[in-house]
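The listed protein sequences correspond, in order, to chains S and L.
With the first letter of the first sequence counted as 1, position 78 gets the number 78 in my numbering; the numbers rise by one all the way through.
With the first letter of the second sequence counted as 1, position 36 gets the number 36 in my numbering; the numbers rise by one all the way through.
One or more hints might be untrue.
[What the hints assert, rightly or not] Now the in silico label distances, taken between C-beta atoms and shown as ranges: (1) L/Ala-43 with S/Leu-75: 40 to 48 Å; (2) S/Gln-258 with L/Ala-43: 23 to 31 Å; (3) S/Ala-298 with L/Gly-68: 41 to 49 Å; (4) S/Ala-79 with L/Leu-25: 35 to 43 Å.
[Unchecked claim] From the structure, some residues in chain L lie toward chain S, with a derived Cβ separation under 8 Å: (5) Val-24; (6) Pro-45; (7) Ala-92; (8) Pro-187; (9) Pro-191; (10) Ile-193; (11) Phe-208.
[As the list claims (entries may be wrong)] Computed, partial: chain L to chain S, Cβ under 8 Å: (12) Met-12; (13) Ile-28; (14) Phe-67; (15) Ser-236; (16) Thr-248; (17) Val-253; (18) Ile-257.
Simulated from the structure, these hints should not be mistaken for lab results.
All values reported here derive from a predicted model rather than from experimental measurement.
Yeah, the Cβ is synthetic: ideal placement off N, Cα and C, and Gly gets one too.
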Amino acid sequence: MAMQDGPIAAIVEQHPKNVAEAAPVAGARPRSTYWPFVIPAVAVVGSVIVFPWGFTVWMSLHEWTVGGARRFSGLSNYARLASDERFIASVGHTLVYTFLAVVLPLIFGTLAALIFNARVPFRGVLRGLFVMPMMATPVAIALVWTMMFHPQLGVLNYLLSLIGIPPQSWVFNPATVIPSLVLVETWQWTPLVMLIVLGGLAAIPTEPYESAAIDGANAFQRFRYITLPMVAPFLMVAVIIRTIDALKSFDIIYAITQGGPGTASETINLYLYSVAFAYYDVGYGSAIAVVFFVLVIALSLLMLHLRQRTKWIDVQGGA
Amino acid sequence: MNVRRTLDTLGMLFVALVLASPAVLFFIWMLSLSLKFEVDNAAYPPILIPERFAWKNYTGVFESNRFGLFFLNSVIVTGAATGLALLIGVPAGYGIARMRATKAAVVVLIARMTPGLSYLIPLFLLFQWLGLMGTLLPQVIAHLVITVPIVIWIMIGYFETTPLELEEAAVIDGANRWHVFRHVALPIAKPGITVAFILAVIFSWNNFVFGVVLAGRETRTLPVAVYNMLSFEQLSWGPLAAAALIVTFPVLVLTIIAQRQIIAGLTAGAVKGG
Numbered sequence: 001m002a003m004q005d006g007p008i009a010a011i012v013e014q015h016p017k018n019v020a021e022a023a024p025v026a027g028a029r030p031r032s033t034y035w036p037f038v039i040p041a042v043a044v045v046g047s048v049i050v051f052p053w054g055f056t057v058w059m060s061l062h063e064w065t066v067g068g069a070r071r072f073s074g075l076s077n078y079a080r081l082a083s084d085e086r087f088i089a090s091v092g093h094t095l096v097y098t099f100l101a102v103v104l105p106l107i108f109g110t111l112a113a114l115i116f117n118a119r120v121p122f123r124g125v126l127r128g129l130f131v132m133p134m135m136a137t138p139v140a141i142a143l144v145w146t147m148m149f150h151p152q153l154g155v156l157n158y159l160l161s162l163i164g165i166p167p168q169s170w171v172f173n174p175a176t177v178i179p180s181l182v183l184v185e186t187w188q189w190t191p192l193v194m195l196i197v198l199g200g201l202a203a204i205p206t207e208p209y210e211s212a213a214i215d216g217a218n219a220f221q222r223f224r225y226i227t228l229p230m231v232a233p234f235l236m237v238a239v240i241i242r243t244i245d246a247l248k249s250f251d252i253i254y255a256i257t258q259g260g261p262g263t264a265s266e267t268i269n270l271y272l273y274s275v276a277f278a279y280y281d282v283g284y285g286s287a288i289a290v291v292f293f294v295l296v297i298a299l300s301l302l303m304l305h306l307r308q309r310t311k312w313i314d315v316q317g318g319a
Numbered sequence: 001m002n003v004r005r006t007l008d009t010l011g012m013l014f015v016a017l018v019l020a021s022p023a024v025l026f027f028i029w030m031l032s033l034s035l036k037f038e039v040d041n042a043a044y045p046p047i048l049i050p051e052r053f054a055w056k057n058y059t060g061v062f063e064s065n066r067f068g069l070f071f072l073n074s075v076i077v078t079g080a081a082t083g084l085a086l087l088i089g090v091p092a093g094y095g096i097a098r099m100r101a102t103k104a105a106v107v108v109l110i111a112r113m114t115p116g117l118s119y120l121i122p123l124f125l126l127f128q129w130l131g132l133m134g135t136l137l138p139q140v141i142a143h144l145v146i147t148v149p150i151v152i153w154i155m156i157g158y159f160e161t162t163p164l165e166l167e168e169a170a171v172i173d174g175a176n177r178w179h180v181f182r183h184v185a186l187p188i189a190k191p192g193i194t195v196a197f198i199l200a201v202i203f204s205w206n207n208f209v210f211g212v213v214l215a216g217r218e219t220r221t222l223p224v225a226v227y228n229m230l231s232f233e234q235l236s237w238g239p240l241a242a243a244a245l246i247v248t249f250p251v252l253v254l255t256i257i258a259q260r261q262i263i264a265g266l267t268a269g270a271v272k273g274g
């Protein structure tokens with residue numbers, strides 16, 4: 001479920017310099033006078049977002065099924081997770097899925113950004129078409145991909161046959177199901193990476209290229225020594241956003257395979273869904289939710305840390 | 001040299017076309033599937049443009065009396081969740097931006113990182129306990145989890161860039177802070193509000209997971225309804241593709257009309273340097 005990409009991009013990109021520059025202006029008026037504007041949002045965020053977090057942690061400490069009795073059980077749900085093979089397998093699926101669903105959109109998205117940054121005829125129209133998958137309703141998209149993956153009647157196997165590749169069983173084979181789902185995810189989310197990198201490219205000043213041209217650098221050298229270091233911070237933002245979204249991916253997997261065949265494409269999110277809303281074991285489901293939440297936050301923080309270590313090149317000052 | 005440049009341009013155009021083709025071909029194929037009779041959809045090799053168009057796939061979807069209900073559900077849930085989010089989130093974005101409360105922003109950031117499903121267990125139990133299941137209210141409230149953070153974030157970013165001088169001038173003229181917000185800050189922020197509105201509508205409309213858990217037979221939104229068609233009509237691809245296209249059509253139209261705003265909103269912050 002890839003949503004609201006502005007938020008993270010905004011905080012990730014929060015340039016220390018901006019904050020420092022802007023701070024003195026705040027003195028114009030006592031800050032507390034703005035509280036009334038924020039209170040309704042605090043109430044809503046508190047009850048719809050913060051309260052569920054706390055309640056989930058509390059539930060995870062209980063043996064609790066919907067309609068059944070509730071019993072405090074300490075950390076036993078967490079102990080159960082450690083020996084739950086289906087859960088451990090789902091962690092593996094999630095990591096493989098996430099890795100592929102970050103790397104592939106990153107490669108294609110960067111390539112697309114380089115192309116769309118250049119003077120291409122019909123650039124606006126082509127870019128508009130390129131962005132469409134990102135905004136389309138994931139479930140609707142997933143249904144059509146399901147038809148395209150069909151081993152006998154699907155158009156993908158037909159296209160493969162045109163170039164002499166034998167038919168594949170795509171999402172119907174445990175060995176190929178995750179790469180096939182990643183194909184859909186890549187198709188849908190490459191445009192977001194493209195947009196972010198395009199923003200980075202737009203901010204690169206022209207002087208380095210001019211001096212490189214005088215020094216006789218070839219296209220690859222210009223990319224390697226000017227473009228790549230300059231857009232590195234933007235690539236990092238793209239990696240962070242993609243990682244979070246890929247970890248949370250639900251709609252596409254649920255609509256196409258429901259975690260199958262068997263449990264071959266069952267990620268943590270899908271397993272969580274089954275435990276909580278198919279078996280109604282909300283205590284155990286909450287424990288999965290907590291562990292999942294910790295995993296997402298830990299990976300995000302790790303990457304924010306890496307992000308801060310990639311040397312920031314001051315594109316703002318340069319442009 | 002000129003020939004070389006023309007060839008370069010043509011080469012770039014070709015690569016750009018190749019890059020855009022998976023998106024374009026996908027939607028063309030979706031349209032093709034939705035306009036074919038079952039015989040044509042089951043043909044091998046596949047047929048792109050059939051001899052007879054199966055318009056009945058579309059009329060069938062619209063004529064089903066349930067479709068109107070699900071469409072209305074989607075409109076109510078998305079409309080209410082977006083409206084409430086703007087009502088709450090625009091002033092909050094203003095307040096946070098003026099207070100420079102970047103710490104508050106972290107809460108919204110973590111909300112962004114949290115998997116939607118992990119909100120659902122407690123909310124589901126709560127709604128059941130309150131006896132709200134079977135109404136649209138649970139979905140409206142759950143969708144706030146998506147729409148409120150989008151609106152707050154975009155508005156923080158927007159109000160941070162609007163000039164303070166006008167507001168200060170209004171204060172000197174004796175306006176209270178509500179009047180400053182209402183008559184000075186809000187009119188300037190209109191483009192930002194538009195971006196927030198569009199993105200909130202799209203992500204709420206597309207949302208599936210909240211509906212899967214919270215919707216009953218009468219309270220399904222379109223994404224859930226179209227998914228349920230899959231289980232019942234596994235083999236009738238035409239009507240299914242038609243339904244899928246109808247569900248995503250409003251969003252695609254909005255994407256094309258408001259492309260500039262959407263791109264600005266999605267990359268807000270990430271491209272501040274440009």
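Verification of the hints:
1. L/Ala-43 with S/Leu-75: 40 to 48 Å: About 58 Å separates the Cβ atoms of L/Ala-43 and S/Leu-75, which means 40 to 48 Å is violated.
2. S/Gln-258 with L/Ala-43: 23 to 31 Å: holds, 28 Å
3. S/Ala-298 with L/Gly-68: 41 to 49 Å: holds, 46 Å
4. S/Ala-79 with L/Leu-25: 35 to 43 Å: Because 50 Å falls outside the window, the suggested range is violated.
5. Val-24: holds, 5 Å
6. Pro-45: L/Pro-45 check passes; min Cβ-Cβ to chain S is 6 Å, inside 8 Å.
7. Ala-92: holds, 3 Å
8. Pro-187: Constraint on L/Pro-187 not satisfied, violated at 16 Å.
9. Pro-191: violated, 14 Å
10. Ile-193: violated, 14 Å
11. Phe-208: holds, 5 Å
12. Met-12: holds, 5 Å
13. Ile-28: For L/Ile-28, the interface hint is violated, since the closest Cβ of chain S sits about 11 Å away, which is over 8 Å.
14. Phe-67: violated, 14 Å
15. Ser-236: Hint on L/Ser-236: violated, closest Cβ of chain S at ~11 Å, above 8 Å.
16. Thr-248: Hint holds; L/Thr-248 Cβ to chain S Cβ min 4 Å, cut 8 Å.
17. Val-253: Interface hint status for L/Val-253: violated (10 Å vs cutoff 8 Å).
18. Ile-257: This hint is violated: L/Ile-257 lies away from chain S, its Cβ roughly 10 Å from the closest one there, beyond 8 Å.
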